[in-house]
Amino acid sequence: MLNILISEGTPAVWQAERAGFGLPSNFSLLAAAVRLHCPDIRCTPLNIADGEALPFGITLSDFDGVMFPGSPLHIYDPDPCVTRQIDFARAAFAAGVPVWGSCWGLQLAVVALGGSVRRNPLGRELPIARAITITEVGRAHPLLASRPVIFDALCSHLDEIETLPPDLQVLAANEVSAIQAVVVQTPKRGSFHGTQYHPEHTLAVSAALMQMRAAELVEEGFATEPTKIVAIAEDYRAMDAEPTRRDLIWRYGIASEIMDPVRRTTEIGNWLRAVVVPRRF
5 MLNILISEGT
15 PAVWQAERAG
25 FGLPSNFSLL
35 AAAVRLHCPD
45 IRCTPLNIAD
55 GEALPFGITL
65 SDFDGVMFPG
75 SPLHIYDPDP
85 CVTRQIDFAR
95 AAFAAGVPVW
105 GSCWGLQLAV
115 VALGGSVRRN
125 PLGRELPIAR
135 AITITEVGRA
145 HPLLASRPVI
155 FDALCSHLDE
165 IETLPPDLQV
175 LAANEVSAIQ
185 AVVVQTPKRG
195 SFHGTQYHPE
205 HTLAVSAALM
215 QMRAAELVEE
225 GFATEPTKIV
235 AIAEDYRAMD
245 AEPTRRDLIW
255 RYGIASEIMD
265 PVRRTTEIGN
275 WLRAVVVPRR
285 F
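For this note's numbering, count along the sequence shown from 1 and bump the result up by 4.
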């Protein structure tokens, strides 16, 4: 049985507040996405943000892969819950295991490998990254196999990659973020694959994020008042509960790449099939 370590990047105190808006833990979102493609996989949680450590006698090399999900933290903040995760990412790369990262996980990996992250001068990207375009390198890469050359994906981020570490390849980009998907080989025959968007998110998660940040979104010019953001969030919840709501799908221009759970999580399934499984078997 495959065993994947999922490093939770959100402090438990923060997650308790987020749960009040209906937000599941980032660990549970990644675990659910993984099990869509490998139902029997074991997903082991570890909250590095809170300083948790592996049990005595267990090493990173005992896992078939390590995954870094999203987080509300900012990688450029010199807080221990951030720096602990950077150190842990470096340890994962040194162990030579395959590593995956979504959003914060991508930014974490880039910084751990020598790159940098900044607040995106173009602002927040939420709830959909539109017109993600696969690069020439990306078209030949298995991470994006079966994705259209141009597609949409669920997302939520305020920061972006500023400088790239050595040898990192950009697989996809769009107008808001020049780096939407990447791959890089790491020491000891390891690798990192990641996306700035969130393949593991659902429409209900996007709804909760919008509602939680309604006041901020108004300040950033996304709406004139919070009630308008809340109304959009309710429509997203309705689509999540009833994926056949053609009226809402049409209103918000939601593509099948998002509506279909397996299509939505394409990159995670491809990473498991093309990277993790071959190393194990």
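Worth flagging that the hints you see were computed from the coordinates, not collected in a lab.
Mixed in with the good hints there might be a few duds.
As the list claims (entries may be wrong) - Below, in silico cross-link-like pairs of lysine to aspartate or glutamate (EDC-like), each with a Cα-Cα straight-line distance of 16 Å or less:
#	residue 1	residue 2
1	K192	E56
2	K232	E246
3	K192	D66
To be verified - Simulated restraints on C-beta separations:
#	residue 1	residue 2	range
4	I90	S150	50 to 58 Å
5	F25	G257	23 to 31 Å
6	G100	W254	46 to 54 Å
7	P43	P152	38 to 46 Å
All figures in this text were calculated on a predicted structure; none of them were measured in a lab.
A virtual CB, placed ideally from N, CA and C, is assigned to each residue, including glycine.
Hint-by-hint comparison with the structure:
1. K192 / E56: violated (25 Å)
2. K232 / E246: Violated, because 21 Å separates the two Cα atoms, which is more than 16 Å.
3. K192 / D66: holds (15 Å)
4. I90 / S150: 50 to 58 Å: Violated, since I90 and S150 (Cβ atoms, about 33 Å apart) do not stay within the stated range.
5. F25 / G257: 23 to 31 Å: holds (25 Å)
6. G100 / W254: 46 to 54 Å: holds (47 Å)
7. P43 / P152: 38 to 46 Å: Given about 26 Å between the Cβ atoms, the range is violated.
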